[in-house]
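Let's have the full structure, built from the sequences with the hints guiding it.
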Amino acid sequence: MERQGAAGLTAVLDGHERPDAADLVIETRGLSKRYGGGIVAVDDLTLQVRRGEVYGFLGPNGAGKTTTLRMLVGLVRPTAGSARVLGQPAGSTEALARVGAMIENPAFYPFLTGRGNLDVMARHAGVSLERVEVVLAQVGLSGRADDRFSHYSMGMKQRLGLAAALLKDPDVLILDEPTSGLDPEGIAEMRDLMRELGRGHRTVLLSSHIMGEVEQICDRIGIIRQGRLVAQGTLDELRGRPELRVRGTPIARARSLVEALPYVEGLQARDGTLVLATDPGRAAEINRRLVLGGVEVLELTPVHATLEEVYFELAHAGHAGHAGHAEHVAGAVSHG
Amino acid sequence: MDSFRAELMLLRRRAATWVLLAIAILMGIFFSYVLPYTVYRGGSTTSSNFATGLSPLLPDRLVSTLLGGFPFYFGMLTLILGALAFGSEYGWGTLKTTLMQRSGRTRLLLAKLAALGVMLVVFVAAIFVVGAASSVAIGLGEGAALHAPSLGDLARGLASGWLILAVWALFGALLAILSRGTALAIGVGILYGLVIEGVVAGFGESIRLLRDVSQVFLRTNAYSLIAPLQTGSGSAAAGGPGAFSGPYLDASHALLVILAYLLVFSGLSALLLARRDVT
Chain A
1 MERQGAAGLT AVLDGHERPD AADLVIETRG LSKRYGGGIV AVDDLTLQVR
51 RGEVYGFLGP NGAGKTTTLR MLVGLVRPTA GSARVLGQPA GSTEALARVG
101 AMIENPAFYP FLTGRGNLDV MARHAGVSLE RVEVVLAQVG LSGRADDRFS
151 HYSMGMKQRL GLAAALLKDP DVLILDEPTS GLDPEGIAEM RDLMRELGRG
201 HRTVLLSSHI MGEVEQICDR IGIIRQGRLV AQGTLDELRG RPELRVRGTP
251 IARARSLVEA LPYVEGLQAR DGTLVLATDP GRAAEINRRL VLGGVEVLEL
301 TPVHATLEEV YFELAHAGHA GHAGHAEHVA GAVSHG
Chain B
1001 MDSFRAELML LRRRAATWVL LAIAILMGIF FSYVLPYTVY RGGSTTSSNF
1051 ATGLSPLLPD RLVSTLLGGF PFYFGMLTLI LGALAFGSEY GWGTLKTTLM
1101 QRSGRTRLLL AKLAALGVML VVFVAAIFVV GAASSVAIGL GEGAALHAPS
1151 LGDLARGLAS GWLILAVWAL FGALLAILSR GTALAIGVGI LYGLVIEGVV
1201 AGFGESIRLL RDVSQVFLRT NAYSLIAPLQ TGSGSAAAGG PGAFSGPYLD
1251 ASHALLVILA YLLVFSGLSA LLLARRDVT
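Respectively, the protein sequence lines represent chains A and B.
Just so you know, this note's numbering puts 33 at position 33 of the first sequence, and the rest follows in order with no gaps.
With positions in the second sequence counted from 1, the corresponding number in this note's numbering is that position plus 1000.
The hints are simulated quantities; they were obtained by calculation from the structure and are not laboratory data.
Hints may be right or wrong, so weigh each one.
[Stated by the list, open to error] Just so you have them, the derived chain B footprint on chain A, three or more residues with Cβ under 8 Å:
{"hint": "1", "stretch": "69-82"}
{"hint": "2", "stretch": "107-113"}
[Unchecked claim] Some chain A residues close to chain B (C-beta under 8 Å, calculated; not the full set):
{"hint": "3", "residue": "Thr-93"}
{"hint": "4", "residue": "Leu-96"}
{"hint": "5", "residue": "Ala-101"}
{"hint": "6", "residue": "Ile-103"}
{"hint": "7", "residue": "Gly-116"}
{"hint": "8", "residue": "Met-121"}
{"hint": "9", "residue": "Arg-123"}
{"hint": "10", "residue": "His-124"}
{"hint": "11", "residue": "Ala-125"}
{"hint": "12", "residue": "Gly-126"}
{"hint": "13", "residue": "Ala-164"}
[As the list claims (entries may be wrong)] As a list, the in silico EDC-like pairs of lysine to aspartate or glutamate whose alpha-carbon atoms are at most 20 Å apart:
{"hint": "14", "chain 1": "B", "residue 1": "Lys-1096", "chain 2": "B", "residue 2": "Asp-1277"}
{"hint": "15", "chain 1": "A", "residue 1": "Lys-157", "chain 2": "A", "residue 2": "Glu-185"}
{"hint": "16", "chain 1": "B", "residue 1": "Lys-1096", "chain 2": "A", "residue 2": "Asp-169"}
{"hint": "17", "chain 1": "A", "residue 1": "Lys-157", "chain 2": "A", "residue 2": "Glu-133"}
{"hint": "18", "chain 1": "A", "residue 1": "Lys-157", "chain 2": "A", "residue 2": "Asp-147"}
{"hint": "19", "chain 1": "A", "residue 1": "Lys-157", "chain 2": "A", "residue 2": "Glu-196"}
{"hint": "20", "chain 1": "A", "residue 1": "Lys-157", "chain 2": "A", "residue 2": "Glu-189"}
{"hint": "21", "chain 1": "A", "residue 1": "Lys-157", "chain 2": "A", "residue 2": "Glu-104"}
{"hint": "22", "chain 1": "A", "residue 1": "Lys-157", "chain 2": "A", "residue 2": "Asp-119"}
{"hint": "23", "chain 1": "B", "residue 1": "Lys-1096", "chain 2": "A", "residue 2": "Asp-119"}
{"hint": "24", "chain 1": "B", "residue 1": "Lys-1096", "chain 2": "A", "residue 2": "Glu-104"}
{"hint": "25", "chain 1": "B", "residue 1": "Lys-1096", "chain 2": "A", "residue 2": "Glu-94"}
Glycine included, each C-beta is placed from N, C-alpha and C at the ideal position.
Shown next, in the form of structure tokens:
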């Protein structure tokens, strides 16, 4: 289902092309977590992550991202709904055997070295200690593996967390804000690493609130707000179709000309310009029509909503300035 | 088995474990040998009921002399060990990291308890080895005849000591799981062990209700368990730190109560760990 928002962006819930059940690596149905005192952390969340994709889980702080991830690895029990990972109940022995996760800050024993910590985790995971050297090399930590964890920088701690998540050579990798607390260089390195890890058969579920990170790495994106999924789709689907912005004079003449064009599906006037819902590939043709019709064309620009714009529309709905449209789009995608 | 090895490695590599063992050994030597020997050599004491004399300090009374510290200060130290072993997992957030490696909270609990149990064997053995060395040194210094304690007494002493330390360590572990941390667990544990049990047992002599209540206390049962192995007035239980004046229960009854405590503490820990979210 597709709906066009007032700002011209189109958001999609990709239920219209429901994947095969075998293709779903992570699936939640009506997943909810309520705490005492009426606090709703996750509310009726239905999420689908497909095999081999890098899925970005976007949302503001407190939206329920981490709680959802905790439920996927069995740390937190849902109060309603269900979650399955690789066809098994989330948190079950069968599911966890094929899932690697780093949730919130990487937590390790401060008195052990990086290698010592991974030795402990490898024993708990029931994997060969040889894997420790493999993952240390994979995250570029071999040279500092014998330093104590308490002496690690934030970037090194994140790398160690990722190494622990990779110990089982998992089919599914769940990462909760892995670039949190890193400097720009560290963020770039971690991003490269995640991109590398997402190649091939492995499925990655990446929680973040950093647009660029998600935009660059993820194949599909889900946006969560107040515990509810408000949008899910590819980046292009969420950004909607590009539009064409026209500025010309006289504007009324321009409007009447483009309204008559059969391939212009929608039209809005904004700040003295016209925004056309049409294929930007028709720009030359539209320009010719306008000029022949006596309009002086000052600007003819394809416009595409950024992920950030979509995110603010959806994730912060209810805030001043965004409320009306956001609710409109959110409602559209949620029931797609 | 792999998880057990991991947990044993954690206890071995943690400085706090060895610091606690060092404190236990120092306290054991000081209260069981150095202090009584100083009093013996000086020939005076301010307390009429504090044990003096050479015989409790000789090797044949090793079991009797050392066991007096187990229900009291050794127990408090292993309460701290148990609280640290479990509570730090919450403080550092490592419980989450561990549980994400493989499911099975009960498996993790059993691995931790087994590793703790092995470490307590090391504690008991080290205390007895250092105690034996101290008693031999005193015996040689005084020119006294040296006789080893009977193997039976030694075995019962080691087993009783381990059981007493285990029940305190499990109590610490339960408090740590309950409070999801170490500080409160250690505070409450020591407060309970020293103040509540101590004060109630102290008033038990004059108030019958408190005397009855004190019969279910860890200390009462621990002292009752070791009572048959303590001979004469030289036992640490007869005077000095951790002095205990009763009520004494039947040793086999005390053994059952301690085993019941071990089961209850383990069961409650497993239940809490299994049912609660790890955040």
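How the hints compare with the structure:
1. 69-82: holds (count 6)
2. 107-113: Satisfied; 6 residues make the cut.
3. Thr-93: Thr-93(A) check passes; min Cβ-Cβ to chain B is 5 Å, inside 8 Å.
4. Leu-96: holds (5 Å)
5. Ala-101: Holds, because the Cβ-Cβ distance from Ala-101(A) to chain B comes to roughly 5 Å (cut-off 8 Å).
6. Ile-103: Holds, because the Cβ-Cβ distance from Ile-103(A) to chain B comes to roughly 7 Å (cut-off 8 Å).
7. Gly-116: holds (7 Å)
8. Met-121: holds (5 Å)
9. Arg-123: At about 4 Å, which falls below the 8 Å cut-off, the nearest Cβ of chain B leaves the hint on Arg-123(A) intact, so it holds.
10. His-124: For His-124(A), the interface hint holds, since the closest Cβ of chain B sits about 4 Å away, which is under 8 Å.
11. Ala-125: holds (4 Å)
12. Gly-126: Nearest chain B Cβ about 6 Å off; hint holds.
13. Ala-164: Nearest chain B Cβ about 6 Å off; hint holds.
14. Lys-1096(B) <-> Asp-1277(B): With a Cα-Cα distance of about 10 Å, the restraint between Lys-1096(B) and Asp-1277(B) holds, given a limit of 20 Å.
15. Lys-157(A) <-> Glu-185(A): OK: Lys-157(A) and Glu-185(A) at ~15 Å, within 20 Å.
16. Lys-1096(B) <-> Asp-169(A): Roughly 19 Å between the alpha carbons, so the hint for Lys-1096(B) and Asp-169(A) holds.
17. Lys-157(A) <-> Glu-133(A): Between Lys-157(A) and Glu-133(A) the Cα gap is close to 16 Å, so the pair holds against 20 Å.
18. Lys-157(A) <-> Asp-147(A): holds (11 Å)
19. Lys-157(A) <-> Glu-196(A): holds (19 Å)
20. Lys-157(A) <-> Glu-189(A): holds (13 Å)
21. Lys-157(A) <-> Glu-104(A): Cα-Cα ~12 Å, so holds.
22. Lys-157(A) <-> Asp-119(A): Holds, at roughly 16 Å.
23. Lys-1096(B) <-> Asp-119(A): holds (16 Å)
24. Lys-1096(B) <-> Glu-104(A): holds (10 Å)
25. Lys-1096(B) <-> Glu-94(A): Holds. Lys-1096(B) to Glu-94(A) sits at ~18 Å (cutoff 20 Å).
In this structure, none of the earlier numbered hints is contradicted; all agree with it.
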